[in-house]
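S.K.: Got chain W sorted already, so can you dock chain A onto it with the hints?
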Amino acid sequence: MSGVPVDPVYGDGPLPGEFPYTRGIYPEMYRSRLWTMRMFAGFGTAVDTNGRFKEILRHGGTGLSTAFDMPTLMGRDSDDEVWSAGEVGRAGVAIDTLADMEDLFADIDLGSVSTSMTINGPAIVALAQYIAVADKTGVDRATLSGTIQNDILKEYQAQKEYIFPPRPSMRIVTDMMRFTTAGMPRWHPVSISGYHIREAGATAAQELGFTLANGFAYVEAAQAAGLDVDDFAGRLSFFFNSHSDFFEEIGKYRAARRIWATWMRQRYGAASERSLMCRFHTQTAGVSLTAQQPEINIARVALQALAGALGGTQSLHTDAYDEALALPTEKAARIALRTQQIVAHETGVANVADPLGGSAYVEWMTDEMERRATEIFDHLLELGGGSILEGVYEGIDNGYFVGQIADSAYRFEREVNDGTRIIVGVNAFTEGDDADQDGANLLRIEQDTEDFQLKRLAAVKQARDDGAVNRSLELVRNEAEDPGANLVPPIIEAVNAYATEGEICDALASVFGRYVEQAIV
Amino acid sequence: MTDMADGPQAAVAGRTAPIRVVLAKLGLDGHDRGLKVVARMLRDAGMEVIYLGLRQTTDTVIAAVEQEDADVIGLSMHNAGHLALAPRIVQAVSDAGLDVPVVIGGIVPEADVSALKEMGISAVLHPGASAVAVGEAVREAVRGSLGDRPVHD
Chain W
24 MSGVPVDPVY GDGPLPGEFP YTRGIYPEMY RSRLWTMRMF AGFGTAVDTN GRFKEILRHG
84 GTGLSTAFDM PTLMGRDSDD EVWSAGEVGR AGVAIDTLAD MEDLFADIDL GSVSTSMTIN
144 GPAIVALAQY IAVADKTGVD RATLSGTIQN DILKEYQAQK EYIFPPRPSM RIVTDMMRFT
204 TAGMPRWHPV SISGYHIREA GATAAQELGF TLANGFAYVE AAQAAGLDVD DFAGRLSFFF
264 NSHSDFFEEI GKYRAARRIW ATWMRQRYGA ASERSLMCRF HTQTAGVSLT AQQPEINIAR
324 VALQALAGAL GGTQSLHTDA YDEALALPTE KAARIALRTQ QIVAHETGVA NVADPLGGSA
384 YVEWMTDEME RRATEIFDHL LELGGGSILE GVYEGIDNGY FVGQIADSAY RFEREVNDGT
444 RIIVGVNAFT EGDDADQDGA NLLRIEQDTE DFQLKRLAAV KQARDDGAVN RSLELVRNEA
504 EDPGANLVPP IIEAVNAYAT EGEICDALAS VFGRYVEQAI V
Chain A
5 MTDMADGPQA AVAGRTAPIR VVLAKLGLDG HDRGLKVVAR MLRDAGMEVI YLGLRQTTDT
65 VIAAVEQEDA DVIGLSMHNA GHLALAPRIV QAVSDAGLDV PVVIGGIVPE ADVSALKEMG
125 ISAVLHPGAS AVAVGEAVRE AVRGSLGDRP VHD
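Protein sequence lines correspond, in order, to chains W and A. Okay, so the first sequence: first residue is 24 according to the working numbering, each after it adds one. Okay, so the second sequence: first residue is 5 according to the working numbering, each after it adds one.
So here's chain W without its partners, still in its complex pose:
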């Protein structure tokens, strides 16, 4: 405010932009490029979401972020009476066939936008549909830019949106990595996500340890599939949570960069600088939002956003204050965006890279987070007989991850219950809760969306060539049985025949089986 000139960075090396990147991946961090304010959104039909996408593009945005509904995320068609009724279009957009993906991106040049798709179990179908839209509209696959979450390992550990068992699912992920590495150099094939692990109850150290271990597992799987680490590692990215313990979060981000760079160089033989850099997106902690006195969540989100910025995130989503009650309203989503704009443009934190570097406490916390994550890696290496990938499989099979996460979640609840942990508005300072009793200001999705989508799907099924659909699904089954085949090309063929996502997932499940979680408390 007073105009005192400041340098881009203070303190001793290794400086930001220097190995092991503890202080940040770029020398001048936000001075050279501010973090991307990427807000996740989407609900209703593909046509509704397309309208929203075009609006974003008209206002100068270049990044589109797609939220899918639960049936789509679980590989179920909208007309699946057992699993989909009541959930179509509720938590995101419903995509059954290529026709929906064509509607979603109608009149949008896929060669000039960057698209993020948050989908995991059936990610290969969504990617195939996206590629098919590009092919149909004459866009070169090599120009496609974007990210598909495709982090299947954390699904068994935390988010639970899996379809097939872990090993065949990893084959699908490595097929996608091989395919995009060869022909889609601007595509990010996996976004390794700690966010959901944390939301499910993990501590900051567990989020860090489990997430980086999953990252190492993808690297080991891709290397085993014959890929050179420097050909794909530069396209891996991460997604972390920002919870309420301010300095712990900052230490976590700094430790993540240091561990990733060190392991990638020393254990996996990466040489390219890009392979060593832990690039990450951050979202504030949805689970920390309270239904009680919801407006005070604005303050929580602001502090969590600040931790993300001080931790050196590359992009940030700030949660809306009403998300403990329902999907966010437009006003609440706007306040969330304004909150990170205040952090970016008013506080001055973007002027200096790693402004907390050198603080005795922050450096200690960074070391402590690294030490705790290393204990987790050691445990997984032991479980896997020297392989992180095998250790992660074993940890999924024997309930290690879900057990650790459930223990932490319960410990947290007990601390809230016995008052050793204060949550403002919940177990202290509870006066003034005038929560919206009539619900008039909550977003509600009506049944119309589901009715529309059911008609849409029926029309697509009516118009397609069933013989071609069946032949393409047979090819998918055959290629699934051949571990040397890549599943992306036959699935592109199936989506081009307008096979549904559910049909393609059923074909894969007929070979791979479906994963059923052991119900462990």
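Because the hints were derived from the structure by calculation, they are not lab data. Don't take each hint at face value.
Restraint ranges, calculated between C-beta atoms of paired labels, are given here [unchecked claim]:
#1 A383(W) x D63(A): 53 to 61 Å
#2 R361(W) x G101(A): 53 to 61 Å
#3 G101(A) x T59(W): 53 to 61 Å
#4 R75(W) x D63(A): 32 to 40 Å
Below, computed lysine to any residue pairings styled on SDA-like, alpha-carbon distance capped at 25 Å [stated by the list, open to error]:
#5 K354(W) x A108(W)
#6 K121(A) x K159(W)
#7 K478(W) x A115(A)
#8 K121(A) x G57(A)
#9 K159(W) x R494(W)
#10 K159(W) x T370(W)
#11 K354(W) x H82(A)
#12 K354(W) x E114(A)
#13 K478(W) x E114(A)
#14 K354(W) x A115(A)
#15 K121(A) x Q316(W)
With the C-beta cut set under 8 Å, the calculated list includes, among others, these residues of chain A facing chain W [said to hold, decoys possible]:
#16 G34
#17 V41
#18 G50
#19 T61
#20 V97
#21 P113
Glycine included, every Cβ here is placed at the ideal spot set by N, Cα and C.
M.R.: Frame of chain W; chain A shown alone:
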């Protein structure tokens, strides 16, 4: 932590056996953090928990209630589907000829609570509910379903 270890109260007056609770999530919703915490809270309170976990249907829940001779059903909902799912489970309980109360917990707007109760849901628990409140809601639901039998407490 004494508030969670209130074993003797786990039984409702008028009966001696501990309360048996079936816990489940219906449909595709995968948010199981809350349900797992509730399972441990109820166990600490001396109840017997039959944890079905994720991806259950009304049929699998009813089958578990029958096989396990459960006293109460606890469902967790985070997908805004509570108004659609509640009547289905209440109907399924009644179709099976059971007299078992249903308690719902999760992301449920306060404004929907009275509608859910009219549909036959015994209690609704919101995020932040204490272990005591959760245990009490379950006991109260079971007490209510015991109907005319004498209840002393």
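S.K.: It remains to establish, for every hint, whether it holds in the given structure.
M.R.: Results of checking the hints against the structure:
{"no.": "1", "hint": "A383(W) x D63(A): 53 to 61 Å", "verdict": "holds (60 Å)"}
{"no.": "2", "hint": "R361(W) x G101(A): 53 to 61 Å", "verdict": "holds (56 Å)"}
{"no.": "3", "hint": "G101(A) x T59(W): 53 to 61 Å", "verdict": "holds (58 Å)"}
{"no.": "4", "hint": "R75(W) x D63(A): 32 to 40 Å", "verdict": "holds (38 Å)"}
{"no.": "5", "hint": "K354(W) x A108(W)", "verdict": "violated (29 Å)"}
{"no.": "6", "hint": "K121(A) x K159(W)", "verdict": "violated (52 Å)"}
{"no.": "7", "hint": "K478(W) x A115(A)", "verdict": "violated (32 Å)"}
{"no.": "8", "hint": "K121(A) x G57(A)", "verdict": "holds (24 Å)"}
{"no.": "9", "hint": "K159(W) x R494(W)", "verdict": "holds (21 Å)"}
{"no.": "10", "hint": "K159(W) x T370(W)", "verdict": "violated (47 Å)"}
{"no.": "11", "hint": "K354(W) x H82(A)", "verdict": "holds (22 Å)"}
{"no.": "12", "hint": "K354(W) x E114(A)", "verdict": "holds (20 Å)"}
{"no.": "13", "hint": "K478(W) x E114(A)", "verdict": "violated (33 Å)"}
{"no.": "14", "hint": "K354(W) x A115(A)", "verdict": "holds (20 Å)"}
{"no.": "15", "hint": "K121(A) x Q316(W)", "verdict": "holds (24 Å)"}
{"no.": "16", "hint": "G34", "verdict": "holds (3 Å)"}
{"no.": "17", "hint": "V41", "verdict": "holds (5 Å)"}
{"no.": "18", "hint": "G50", "verdict": "violated (15 Å)"}
{"no.": "19", "hint": "T61", "verdict": "holds (7 Å)"}
{"no.": "20", "hint": "V97", "verdict": "violated (18 Å)"}
{"no.": "21", "hint": "P113", "verdict": "holds (5 Å)"}
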